[in-house]
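Chemist: Here's the letter readout for the chains.
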Amino acid sequence: MSLFEKFGQYQEMCDYFEQRGTMPFGAVTERSLSSTEAIVNGHRVILAGTNNYLGLNFDPEAIAAAQRAIEESGTGTTGSRMANGTFAGHVLLERELAEFFNTKAAVLFSTGYSATMGMSATLAGPGEVILLDADSHASIYDGVRLSGAEIIRFRHNDPADLEKRLRRLGKRTEKTLIIVEGIYSMLGDIAPLAEIAAIKRKYGACLMVDEAHSLGVMGDDGRGAAAAAGIEADTDFIVGTFSKSLASIGGYCVSNHPELELVRFAARAYIFTASASPSVIASTRVALRLMQQRPELRKQLWKNARQLHEQLTELGLQVDSHVSPVVAVKTESMETAIRWWEELFQKGIFVNLVIPPASPSTYSLLRCSVSAAHSTEQIQQITDAFSTLTA
Amino acid sequence: MDRIIKESVALSADTELQEDVGMTSLQVMDLVLEIEEEFDISFPLNRLPDIRTIRDLAQEIAVVLDQ
Chain A
1326 MSLFEKFGQY
1336 QEMCDYFEQR
1346 GTMPFGAVTE
1356 RSLSSTEAIV
1366 NGHRVILAGT
1376 NNYLGLNFDP
1386 EAIAAAQRAI
1396 EESGTGTTGS
1406 RMANGTFAGH
1416 VLLERELAEF
1426 FNTKAAVLFS
1436 TGYSATMGMS
1446 ATLAGPGEVI
1456 LLDADSHASI
1466 YDGVRLSGAE
1476 IIRFRHNDPA
1486 DLEKRLRRLG
1496 KRTEKTLIIV
1506 EGIYSMLGDI
1516 APLAEIAAIK
1526 RKYGACLMVD
1536 EAHSLGVMGD
1546 DGRGAAAAAG
1556 IEADTDFIVG
1566 TFSKSLASIG
1576 GYCVSNHPEL
1586 ELVRFAARAY
1596 IFTASASPSV
1606 IASTRVALRL
1616 MQQRPELRKQ
1626 LWKNARQLHE
1636 QLTELGLQVD
1646 SHVSPVVAVK
1656 TESMETAIRW
1666 WEELFQKGIF
1676 VNLVIPPASP
1686 STYSLLRCSV
1696 SAAHSTEQIQ
1706 QITDAFSTLT
1716 A
Chain B
111 MDRIIKESVA
121 LSADTELQED
131 VGMTSLQVMD
141 LVLEIEEEFD
151 ISFPLNRLPD
161 IRTIRDLAQE
171 IAVVLDQ
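Residue numbers (my numbering), protein chains in the order written: chain A, 1326 to 1716; chain B, 111 to 177.
Since the hints were made in silico from the structure, they are not lab data.
Be aware that a few hints might be false.
[Said to hold, decoys possible] With a Cα cut of at most 25 Å, we get these calculated SDA-like pairs of lysine to any residue:
no. : chain 1 : residue 1 : chain 2 : residue 2
1   : A       : Lys-1624  : A       : Ile-1574
2   : A       : Lys-1331  : B       : Leu-141
3   : A       : Lys-1331  : B       : Asp-124
4   : A       : Lys-1527  : B       : Ile-151
5   : A       : Lys-1527  : A       : Asp-1546
6   : A       : Lys-1628  : A       : Asn-1382
7   : A       : Lys-1489  : B       : Ile-171
8   : A       : Lys-1489  : B       : Phe-149
9   : A       : Lys-1500  : B       : Asp-176
10  : A       : Lys-1500  : B       : Asn-156
11  : A       : Lys-1489  : B       : Leu-155
Only chain A is shown next, with the shape it has when bound in the complex (with noise of 0.2 Å):
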């Protein structure tokens, strides 16, 4: 019995979301129609909140690549890259990465998850420091305790205060792993990577930053925020994920470090898993050239992004001032996130709602995301919903 007292939050939470007859989290799309379109509960709504940057999901050369795979190889590898699970396909996709991201190794990893939570548990151990944003990810957070590192959290997004700490630590910033993203996934606000750089150096800490929604969002050729920033000789390592911009799943992190060759031997998330399957690799090759191919995608995905900001902040709604690709509106309290939510999915807009302790602090968020698939329309049909909300 008291073994499961601790799930009784969660029985409540799910008892009050059936008593008002919905459920947010765990929302079924029974059919997708399109990259922006789908019948999610039995509702046609737009999709207002995927990481469907590039709107690459139903590329017709990428599925082709895909079924081929599976014709060719089958459906899964059925074993860790340790063992029987190293198909040719993550071997070039590997050296695929380290060409893109010219850097001198790559190593993939089945999640984005475990490509950062296997890299944040394995480069710093114990005896040495791991200085992680406030805001970082649960992958992050997950990665480090496992590390058995000493922890330390910087105010988020602020390099004097991560200066700060470094400089309390003395000789031993020589051992320790500072670890930033590159675009915050619940806010979108991007990291000020210059400037965190800059005291990298200074104090010669290793920088590892994670590009999960920064791949194919910024940066030439969308090589993400280290790019942007010109600070890709300063960044040690770059994790990142294939489940956003190119609409498959997996992870991967690169590296001008030789070392990150051996984290094959040491990290415990690429060890002890089944390799991504065969058509997961295949798509995700023909969407990492496509990526480069198309520059036009990462057009159109800022031009909606900035039409979706503009039009939200006219309608009085509680959004930050920075523009990214991820708009989240904010509010004070947990129950108006939710019966917006409600009256937004009702009008066939379907957003992420993200409430305490996803969101990072204490209000809630009505996480809306563009991708370069959404019309224009498209994006005034979710402003139109937005304007009918009430306090």
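Position chain B against the provided structure of chain A, taking the given hints into account.
Modeler: Okay, now just chain B, sitting in the frame of chain A:
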């Protein structure tokens, strides 16, 4: 504490931060950020699992200050 916790709770050394005050783990971490500022220290997150009460927190701060 007032900046983080809006409700009024009578505090003593044995008050539990999460159980009695109702702080979430995120709020405890934000409280630690404020304490670090006040004492000019870095307080490793590794120490948080040992902290339940205000007394625990004070003792852990004292340990960090002594180092």
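Chemist: Can you confirm whether the C-alpha distance between Lys-1331 of chain A and Leu-141 of chain B stays at or below 25 Å?
Modeler: holds, 24 Å
Chemist: Hint check: Lys-1628 of chain A vs Asn-1382 of chain A, CA-CA at most 25 Å. Holds or violated?
Modeler: Given that 25 Å is the threshold and the Cα spacing comes to 20 Å, the pair holds.
Chemist: Can you confirm whether the C-alpha distance between Lys-1489 of chain A and Leu-155 of chain B stays at or below 25 Å?
Modeler: Satisfied, since the Cα-Cα distance of roughly 17 Å is no more than 25 Å.
Chemist: Does Asn-156 of chain B lie within 25 Å of Lys-1500 of chain A when you go C-alpha to C-alpha?
Modeler: holds, 17 Å
Chemist: Check the hint pairing Lys-1331 of chain A with Asp-124 of chain B against an upper bound of 25 Å on the C-alpha distance.
Modeler: The hint holds at about 22 Å.
Chemist: Is Lys-1527 of chain A within 25 Å of Ile-151 of chain B, Cα to Cα?
Modeler: holds, 20 Å
Chemist: Please work out if Lys-1527 of chain A and Asp-1546 of chain A have their alpha carbons no farther apart than 25 Å.
Modeler: Judged against 25 Å, a Cα distance of about 29 Å means the pair is violated.
Chemist: Are Lys-1489 of chain A and Ile-171 of chain B close enough, with their CA atoms no more than 25 Å apart?
Modeler: Within the cut-off at roughly 18 Å; holds.
Chemist: Against the 25 Å threshold, does the CA-CA distance of Lys-1500 of chain A and Asp-176 of chain B hold or violate the hint?
Modeler: Holds. Lys-1500 of chain A to Asp-176 of chain B sits at ~22 Å (cutoff 25 Å).
Chemist: For the pair supplied as a hint, Lys-1624 of chain A and Ile-1574 of chain A, is the alpha-carbon distance within the 25 Å limit?
Modeler: Holds: Lys-1624 of chain A and Ile-1574 of chain A sit about 24 Å apart, inside 25 Å.
Chemist: Keeping to a limit of 25 Å between CA atoms, is the pair of Lys-1489 of chain A and Phe-149 of chain B held or broken?
Modeler: holds, 13 Å
The earlier numbered hint that this structure contradicts is number 5, and it is the only one.
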